[in-house]
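Asks: Please build the complete structure, drawing on both the sequences and the hints.
Number of protein chains: 4
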Amino acid sequence: MPEFEPRDPDFDARVRASFERQAAMTTLGITIVRLDAGMIELAMPYNEAFTQQHGFIHAGIMATALDSACGYAGFSLMPADAAVLTIEFKTNLLAPAKGELFTFQGRVIKPGRTVTVCEAQAFAHDRGAAKLVASMTATLMAVTGREGIQQ
Amino acid sequence: MPEFEPRDPDFDARVRASFERQAAMTTLGITIVRLDAGMIELAMPYNEAFTQQHGFIHAGIMATALDSACGYAGFSLMPADAAVLTIEFKTNLLAPAKGELFTFQGRVIKPGRTVTVCEAQAFAHDRGAAKLVASMTATLMAVTGREGIQQ
Amino acid sequence: MPEFEPRDPDFDARVRASFERQAAMTTLGITIVRLDAGMIELAMPYNEAFTQQHGFIHAGIMATALDSACGYAGFSLMPADAAVLTIEFKTNLLAPAKGELFTFQGRVIKPGRTVTVCEAQAFAHDRGAAKLVASMTATLMAVTGREGIQQ
Amino acid sequence: MPEFEPRDPDFDARVRASFERQAAMTTLGITIVRLDAGMIELAMPYNEAFTQQHGFIHAGIMATALDSACGYAGFSLMPADAAVLTIEFKTNLLAPAKGELFTFQGRVIKPGRTVTVCEAQAFAHDRGAAKLVASMTATLMAVTGREGIQQ
Chain A
40 MPEFEPRDPD FDARVRASFE RQAAMTTLGI TIVRLDAGMI ELAMPYNEAF
90 TQQHGFIHAG IMATALDSAC GYAGFSLMPA DAAVLTIEFK TNLLAPAKGE
140 LFTFQGRVIK PGRTVTVCEA QAFAHDRGAA KLVASMTATL MAVTGREGIQ
190 Q
Chain B
40 MPEFEPRDPD FDARVRASFE RQAAMTTLGI TIVRLDAGMI ELAMPYNEAF
90 TQQHGFIHAG IMATALDSAC GYAGFSLMPA DAAVLTIEFK TNLLAPAKGE
140 LFTFQGRVIK PGRTVTVCEA QAFAHDRGAA KLVASMTATL MAVTGREGIQ
190 Q
Chain C
40 MPEFEPRDPD FDARVRASFE RQAAMTTLGI TIVRLDAGMI ELAMPYNEAF
90 TQQHGFIHAG IMATALDSAC GYAGFSLMPA DAAVLTIEFK TNLLAPAKGE
140 LFTFQGRVIK PGRTVTVCEA QAFAHDRGAA KLVASMTATL MAVTGREGIQ
190 Q
Chain D
40 MPEFEPRDPD FDARVRASFE RQAAMTTLGI TIVRLDAGMI ELAMPYNEAF
90 TQQHGFIHAG IMATALDSAC GYAGFSLMPA DAAVLTIEFK TNLLAPAKGE
140 LFTFQGRVIK PGRTVTVCEA QAFAHDRGAA KLVASMTATL MAVTGREGIQ
190 Q
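Quick mapping for you: the protein sequence lines, in order, are chains A, B, C and D. Residues 40 to 190 in this note's numbering are what the first sequence spells out, letter by letter. Residues 40 to 190 in this note's numbering are what the second sequence spells out, letter by letter. Residues 40 to 190 in this note's numbering are what the third sequence spells out, letter by letter. Residues 40 to 190 in this note's numbering are what the fourth sequence spells out, letter by letter.
Because the hints were derived from the structure by calculation, they are not lab data. Just to be clear, a hint being listed does not mean it is correct.
As the list makes no split between identical chains, a pair holds if one copy fits it or if it spans any two.
[Claimed, not checked] Listed below are the simulated DSS-like cross-link pairs for lysine-lysine, each with C-alpha atoms no more than 27 Å apart in a straight line:
(1) K149 with K170
(2) K137 with K149
(3) K137 with K170
Replies: What follows is the structure in structure tokens.
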């Protein structure tokens with residue numbers, strides 16, 4: 040796996056500050072487990088309030104955590120003055136999101152000045168066993184200044 | 040647009056019963072606005088608890104509503120004993136999810152015995168104007184009996 | 040469907056000139072049937088040389104025509120000095136690509152200064168009947184100058 | 040990476056026989072470099088006949104090879120009497136397909152009785168250096184008997 044050189048030496052503080060401003064993360068109980076240049080790991084507890092009709096976590100909620108994992112992996116490599124926007128993401132649901140805890144590993148596949156491509160995987164943890172339950176590929180765009188808030 | 044013949048004449052009650060079992064819909068305040076064979080429209084109010092770092096609705100939350108719109112459009116055409124699973128979905132984020140209310144229109148593009156393909160669009164309603172802010176293509180699988188609960 | 044105002048009044052000649060430089064289009068026998076600002080229709084005859092194991096056109100060849108349909112729909116709205124790059128595309132194969140002739144309708148869903156999102160649909164024509172066999176969503180990037188050739 | 044147990048001990052001969060029936064592979068000069076249960080590597084030489092407007096291999100042609108890489112990785116794990124169909128694929132174009140030779144590594148991420156999910160990566164080889172230029176995620180369906188030919 041490639042190792043990346045961050046353009047912003049303070050990427051750790053910048054990523055954590057932005058993550059804290061995502062109210063959705065707080066509401067879903069999602070936290071940063073690990074953070075490095077170009078990669079991040081998030082964790083989310085099971086919460087019945089976010090389930091689908093069979094009692095498993097809703098695919099869209101899994102996508103919410105996967106999207107943040109992709110977004111912050113990419114954001115960690117961006118310059119200090121850039122905002123990050125998700126252009127698109129694609130998720131494969133490989134197995135039901137059934138477990139007590141879920142972890143999400145995001146990493147940059149291809150960094151770029153404007154466009155960055157990331158991947159993330161979701162694991163369900165159930166009685167000590169971890170199982171791959173979903174994957175995502177996401178395309179991010181770095182924007183600066185007012186453009187980042189409008190787009 | 041093609042019109043579909045539902046295999047289950049009671050599809051309306053079946054879709055609404057399953058939708059009510061999705062705790063995530065209740066938590067997010069998502070409701071069914073319109074339902075027909077092969078199509079559904081959902082609505083969701085703005086809720087600061089589900090925002091990203093710029094105060095707009097998180098892309099994954101938009102995907103949650105879009106996924107349910109696709110899933111229930113497809114589910115409406117399935118036989119009475121089938122369960123529906125999302126295999127994959129892909130979302131393009133076209134503009135920030137900025138507005139007071141969001142609506143989601145899902146429809147079946149290609150029904151099938153095993154695999155059904157659906158599309159959905161998300162609109163942001165802001166001071167009377169509606170704007171297309173996201174689109175989704177989703178692939179669903181119809182499963183029966185225990186398989187539907189396990190997979 | 041939205042109608043678009045082209046930024047380049049000579050978009051028709053510019054699109055056709057770029058299309059002619061795509062050797063892959065000539066090799067596959069793909070031609071422009073219709074072209075307007077933000078939309079294009081292409082046609083491709085059946086050719087056994089590009090089939091998969093069941094004698095139908097290979098999904099990737101269908102994607103080649105769909106990608107060009109998306110790309111040139113988007114390119115028609117770009118400024119005169121821009122080059123177009125596909126960032127990503129997603130295709131759903133709805134039915135086998137079985138027929139004598141295939142047509143591909145591409146159109147812009149969301150134009151943008153940097154990023155443009157397009158959709159395209161593929162139809163198989165067999166003994167007078169047209170059938171939807173594949174769909175694509177594609178994200179394009181407009182680049183200028185040397186960047187367009189390098190990226 | 041997980042290792043898979045093939046259900047068909049003769050998967051190698053079965054995959055190669057099907058691959059040879061894909062006329063598109065012969066036309067594009069694509070060959071099997073390596074084959075194992077759940078994984079395959081393909082190679083394709085540069086061919087000006089399949090380029091886009093900048094002289095690089097057309098994204099759809101890259102997708103053709105990536106789709107076959109995903110399809111045959113998945114097909115290798117299917118039972119002897121199954122046919123494989125691609126339901127959908129998504130490709131990220133990470134860099135221009137510029138090089139003398141291209142290789143494509145496909146592998147199964149999640150095998151299943153009906154649905155199998157695969158990933159593939161494309162590398163461009165240019166003056167001794169290999170560069171990741173595209174990635175794909177694909178969903179396959181195993182079908183048996185007449186259904187496999189019709190769908």
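Asks: Which hints, by number, does the structure contradict?
Replies: Hints that this structure does not satisfy do not exist here, as all of them hold.
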